[in-house]
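Using the hints provided, position chain B relative to the given structure of chain A.
Number of protein chains: 2
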Amino acid sequence: MKNALYAQSGGVTAVINASACGVIETARQYPSQIQKIYAGRNGILGILAEDLIDTSFESAEDIHALMHTPGGAFGSCRYKLKGIEEHLSQYERLIEVFSAHDIGYFFYNGGGDSQDTTHKIAQMAEKLNYPLTCIGIPKTIDNDLPFTDNCPGFGSVAKYVAVSIQEAGLDVASMASSSTKVFILEVMGRHAGWIAAAAGLACINAGDPPHIILFPEIAFNAALFCKQVQETVEKFGFCVVVASEGIKNENGQFLSESGAKDAFGHAQLGGVAPLLAKIVKDNLHLKYHWAVSDYLQRAARHIASGVDVEQAYALGKSAVELALQGKNAIMPIIVREKEMPYQWGIGEVALNAVANQEKKMPKTFISEDGFSITKACHDYLLPLIQGEAYPPYHNGLPNYVQLKNKSLAKKLKPFA
Amino acid sequence: MKNALYAQSGGVTAVINASACGVIETARQYPSQIQKIYAGRNGILGILAEDLIDTSFESAEDIHALMHTPGGAFGSCRYKLKGIEEHLSQYERLIEVFSAHDIGYFFYNGGGDSQDTTHKIAQMAEKLNYPLTCIGIPKTIDNDLPFTDNCPGFGSVAKYVAVSIQEAGLDVASMASSSTKVFILEVMGRHAGWIAAAAGLACINAGDPPHIILFPEIAFNAALFCKQVQETVEKFGFCVVVASEGIKNENGQFLSESGAKDAFGHAQLGGVAPLLAKIVKDNLHLKYHWAVSDYLQRAARHIASGVDVEQAYALGKSAVELALQGKNAIMPIIVREKEMPYQWGIGEVALNAVANQEKKMPKTFISEDGFSITKACHDYLLPLIQGEAYPPYHNGLPNYVQLKNKSLAKKLKPFA
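Read top to bottom, the protein sequences are chains A and B. Per the working numbering, the first sequence runs over residues 65 to 480. Per the working numbering, the second sequence runs over residues 65 to 480.
This is chain A alone, in the form it adopts within the complex (with noise of 0.2 Å):
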């Protein structure tokens, strides 16, 4: 009997502890033939120095309460593998730990960088002959992995951007006549729009905001950005931009790297919405505001999308399912069977195929004047924010799990 190891990848969601229940909660259903659930601390980085967690110290309860707790629950880390050629001692070093502790499933929590490592693990333990079943679970805020209809973790953003824009919105609408008149909102999305066309939606009767988008796919003009903003401040006398952090200028730079108005140089900054702000100051002369929800945005449990917890669940508990059907190598995804009413199910792709590929926004979800969004895109977008699936409170505050986190001991040697 084998046990099996889940580890957490890349940026972490308001969800991504909901597919770790679901691995957990699933595994532990079958204890026949998985013995114990092991998770790596930090991610891969906890595999590769053996520091690895024991969750059946957890409760029911606890592994439960990962359904509503945002954050990574055993923690995540940014560190992709290179090639088997180039970081061999690395994977053969993955094979030893999962050897010393006879793992027989490995679960992958990530999005693409994610999934490729989980490709090339399952392709390690084939060449060396360990017997180990790899399978991949999605996630990623930015929607941006091939295959699979949806992203869990996206889901829940898109929800937390609309939710902000309206809010934020009907707050400019009421003192745009003596006050701020054009709001800019900044949010995630370095390579693909999905994010900020999630806005659109609170976009309900013509007019509403958001008046204008920014995406990443559509090089940055600042003369036709401050003249659109002029004419929806004359029209509706305020306007309110949703911009990208990876909007970029017409050489294909990002305007945060842009050098001249950036105070700070540095790419990771964020700070889209004050160069913006910048722009509608010394060109339109109209008082401005601006926000930049950075992982305020990601982590927003409070107030994430129904169907995203479920899928996310869903996911962990069908990456379960799957290896103990015998499949290995693959990734279960979303697939959407119906639009209207929404109706999805649970599919699989193989690791190969998914690897290193990005889901860019589709041409015909972008509007000609490359500001809003089209009708296709918000007929995509809208089942995704569906349902408002609460953390439980206790004392005002979401009640978020904090796990007991216990170390398994070691029996390998520290990794060089």
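Hints are computed from structural coordinates only; laboratory data are not their basis. A quick note: this is a predicted structure, and the numbers were derived from the prediction, not measured. Only true hints are included.
Same chains, same names: a pair is fine if it fits in one copy or spans any two.
Below, a list of computed lysine-lysine pairs in the DSS-like style, where the Cα atoms sit at most 30 Å apart:
1. K402 <-> K424
2. K312 <-> K342
3. K312 <-> K351
4. K312 <-> K345
5. K351 <-> K424
6. K299 <-> K474
7. K424 <-> K439
Okay, now just chain B, sitting in the frame of chain A:
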């Protein structure tokens, strides 16, 4: 029989419309005393322009939906009437508009400046022998009004900030081993640290975020700040900072206006978070992220405090009841009757006592090192974020109401 006039003033909140709801629903219960309920479009500016809204066109259902709708349903404004001598013609104009529309009751929903105006209007009416009952209704996210135990609007921002820090804290904690070590959230509060203090509620167990709170009441010292960040990162592996937008350096200058480090040089920009990020980067070379909530925090009706919504409504209701009891030139306030368990009631204060006073954070509410809140502060704040008063949802988004806001026919010449 007289009409009533209600107006919103200053920055709007997640619950100012709940006060409006309290006024209108209560006034509608006394049709033999109050004929119609009007509202100033965009606050006092609408009254000066004789741009009044007739709320009798709004259904009971829509008026009740104000309970869960953020922003200012009738529009608000940033406009402060000066002294009666200085702005005599404006005060005369107000009375002229009141008289033209048979206004016998004036309810002004705003902060300290606005209550100064309410008081002066009462004086002016008396001087001109115009029979007018003037009642102030407190409102400000800044919680800086005197006499009232707390201000409607504040509890909801407090809850938003505490929940956001709890969530972002979990996110940062789970990634810190290989990614962001320092996260900075900038919150509102230009002159008092109440909102920043509320983030302290997220710290339930020792070591929980936020690790550092920067108050406007405490002069910012970059060296001390860096030392505290460094020590926190060494101890916990990461550091979560909450900064009030109003923090000042040792010369009393707003940090956001202190020059060199600010690419914008404009006070209204906010942008203390990126400044602090730069200080962390230059001095500690730690990976950081920052967020600026701006309007999102004060519009976040989706995570409003149940207590705050109830109190906002109760103050609107009481304003009408006090007016009908023949009170004048007063403001109903929140009285803390008991702390554990929390019990509150409604009291009242004369407007001449309220006007233009600011309630700072007591010194006993800030820890000796200046970086956190004391137990006394925690005990004061905690009751204010109790209860979740979720808005109804439709299609994945809050079902916020948009009123008809029909204009009343004008009777006067335009005001020059």
